[in-house]
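Now for the letters of each chain:
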Amino acid sequence: MLLLVLFGSLALLFVSGIPIAFALFISSLIYLLLIGEYPLNIVAQKFISGPDSFTLLAIPLFVAAGSLMNLTGITRRIFGVANALVGHLTGGLGHVNIVASIIFSGMSGSAMADAAGLGLIEIKAMREAGYDDDFSVAVTASSSIIGPIIPPSVPAVIYGTVASVSVGALFLGGIIPGLMMGLFLMVLVTFYAKRRGYPRGKRVSFRELLRVLYEGFLPLMTPVIIIGGIWTGWFTPTEAAGAACVYAILLGLYYGELTLQTFIEVLKQNITVSGPALFILAAASLFNWIMAIEQIPQIAASFLLGFTQNKYLILFIINIFLLVIGTFLPPIPAMILLIPILDPLMTAVGVHPIHFGVVMLLNLMIGLLTPPVGPVLYVLVPITELPFEKVARSVWVFILPLIAVLLLITYIPQLVLSIPNMMIR
Amino acid sequence: MQKIVRIFYADFERWTAQVCVILMAFSVLGQLFSRLLGHPIAWGEETARYFYIWFCFIAAAYMTKIRGHIRVAYFLNFLPDRSQRIVEIVQNIAIIICMIWILPSAFAYGIDVFQKRSPALEIPMFYVYISFPIGMVFLIIRCIGVIVEDIRLLRQFKSAGKPCSS
Numbered sequence: 001m002l003l004l005v006l007f008g009s010l011a012l013l014f015v016s017g018i019p020i021a022f023a024l025f026i027s028s029l030i031y032l033l034l035i036g037e038y039p040l041n042i043v044a045q046k047f048i049s050g051p052d053s054f055t056l057l058a059i060p061l062f063v064a065a066g067s068l069m070n071l072t073g074i075t076r077r078i079f080g081v082a083n084a085l086v087g088h089l090t091g092g093l094g095h096v097n098i099v100a101s102i103i104f105s106g107m108s109g110s111a112m113a114d115a116a117g118l119g120l121i122e123i124k125a126m127r128e129a130g131y132d133d134d135f136s137v138a139v140t141a142s143s144s145i146i147g148p149i150i151p152p153s154v155p156a157v158i159y160g161t162v163a164s165v166s167v168g169a170l171f172l173g174g175i176i177p178g179l180m181m182g183l184f185l186m187v188l189v190t191f192y193a194k195r196r197g198y199p200r201g202k203r204v205s206f207r208e209l210l211r212v213l214y215e216g217f218l219p220l221m222t223p224v225i226i227i228g229g230i231w232t233g234w235f236t237p238t239e240a241a242g243a244a245c246v247y248a249i250l251l252g253l254y255y256g257e258l259t260l261q262t263f264i265e266v267l268k269q270n271i272t273v274s275g276p277a278l279f280i281l282a283a284a285s286l287f288n289w290i291m292a293i294e295q296i297p298q299i300a301a302s303f304l305l306g307f308t309q310n311k312y313l314i315l316f317i318i319n320i321f322l323l324v325i326g327t328f329l330p331p332i333p334a335m336i337l338l339i340p341i342l343d344p345l346m347t348a349v350g351v352h353p354i355h356f357g358v359v360m361l362l363n364l365m366i367g368l369l370t371p372p373v374g375p376v377l378y379v380l381v382p383i384t385e386l387p388f389e390k391v392a393r394s395v396w397v398f399i400l401p402l403i404a405v406l407l408l409i410t411y412i413p414q415l416v417l418s419i420p421n422m423m424i425r
Numbered sequence: 001m002q003k004i005v006r007i008f009y010a011d012f013e014r015w016t017a018q019v020c021v022i023l024m025a026f027s028v029l030g031q032l033f034s035r036l037l038g039h040p041i042a043w044g045e046e047t048a049r050y051f052y053i054w055f056c057f058i059a060a061a062y063m064t065k066i067r068g069h070i071r072v073a074y075f076l077n078f079l080p081d082r083s084q085r086i087v088e089i090v091q092n093i094a095i096i097i098c099m100i101w102i103l104p105s106a107f108a109y110g111i112d113v114f115q116k117r118s119p120a121l122e123i124p125m126f127y128v129y130i131s132f133p134i135g136m137v138f139l140i141i142r143c144i145g146v147i148v149e150d151i152r153l154l155r156q157f158k159s160a161g162k163p164c165s166s
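Protein chains in written order, with my numbering: chain A, 1 to 425; chain B, 1 to 166.
Worth flagging that the hints you see were computed from the coordinates, not collected in a lab. Some clues are possibly wrong.
[As the list claims (entries may be wrong)] Quick list of in silico lysine-lysine cross-link-like pairs, BS3-like style, CA-CA up to 27 Å:
| # | chain 1 | residue 1 | chain 2 | residue 2 |
| --- | --- | --- | --- | --- |
| 1 | A | Lys390 | A | Lys124 |
| 2 | A | Lys124 | A | Lys194 |
| 3 | B | Lys116 | A | Lys46 |
| 4 | A | Lys268 | B | Lys3 |
| 5 | A | Lys124 | A | Lys202 |
| 6 | A | Lys390 | A | Lys194 |
In isolation and in its complexed conformation, chain A is listed as follows (with noise of 0.2 Å):
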């Protein structure tokens, strides 16, 4: 009974639109009030706890480092580097928008910063140059959830935090995915293409290569820095972030493009990104304590357990369950509300916890190219002059390529293990 009252105020409250924060805050107030076991301090004791974590120091840094390389041309240096290298095949822009989007992903943690930066420059190049815009923005789309998934990333700081497992391994761990995603992109691009007829740009003469290359040098340096710095265990995940933002803050004082006005625009992006993020943090830590002295996660397990103890089928119904909720719910409430009902779970059946970090990593970032909330889509859609339904309907096709890495990803965890157990301890 007290249950019901639990989910049922939280689920009327999500659906009225309330935000998730406080929406969490007012059903986890209405339990403690019916059961009246606890004193009220209990609120700002597990409110308190939430933020505390030094762990999650690297969110805003990680934000604050991609929006610098956004707002100081940065961006637009890996697009001439990208477009360099793989400018020349068939469908050019369409390969050079996802391989931009790969490397700017091992500078920036989340897709927005992918979608609202690089997007940008990348549509506007592929308009000029005759592609659609629907295919435009299926491009754009669904390679920047590749931000998320090669490190840095801001999803998995959070995930990392909440399970408590080491950031750094699911850092690394998404390396392969990430990459695979890219390539399965680029495969469905060349298809494309080769159907809608689009042209190839010109092959850049070696030399020319070169000087690209030269110059892009020191912003191609910073996805280095970071993986480097972590694999070889120089830096701590936060630190990383940390030595990131001061990379960024050199590299846009070197090029001449930081200004004060900037700076002030970065740390303002930076509240309206990591601020909300954080604050459901704070009021998920109330709520999912509640959960755990009511014993929820185990219910759950015991539940899905009765139902079948196959490890591949659970990791079936698992993601069917979270590519539904993800079309409703943004990544991080999700996984801060359903890491630790799952982890038990996957825990009883053996999953380990870093493979299955990376596969609802990637589950809930599919999430954010569906109707009806698709935030990366808002994003995107404005720029054209198009419906959004059209869009939505060719960001389908794109899809697919990224459900087949989660498919591979889930049933072959090597694809996301090898590379973290590689790492120096």
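Mind docking chain B on chain A? Use the hints.
This is chain B only, laid out in the frame that chain A set:
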């Protein structure tokens, strides 16, 4: 005086949150570089975390002001504009009531731990824990501001006779 209040009201939380983030970043970097240079400081991590906690609750108030909290807006968008405003007013009143409900206990919790000191810096934990009730006071003020804004929009709808986009 009025002008000062107005400036304060316009962007106070944003500036405070930005200062918190900058100080946090400096603490993280201080710890990183002091370690790389071979003289690690003990308090870098702790300071960074405490500034971050302050950031969390002050930023929450700012996000309320600019209506930037993450929400599931999908179902709400089916309603006509006028009803959306009314639903949001009811939501904000509910948030205010719940926040006021827990505020006394939150202040009391901060004061209770006055004697407790942090491990590295040995500052009273009061200065950390008080961030939550203070942030929530700002949040309540911002909720009231949002309600006033919504009521004004509702009046506009009424006088215009047709729903306009907000």
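Index of numbered hints that the structure contradicts, given in increasing order: Failing hints: none at all.
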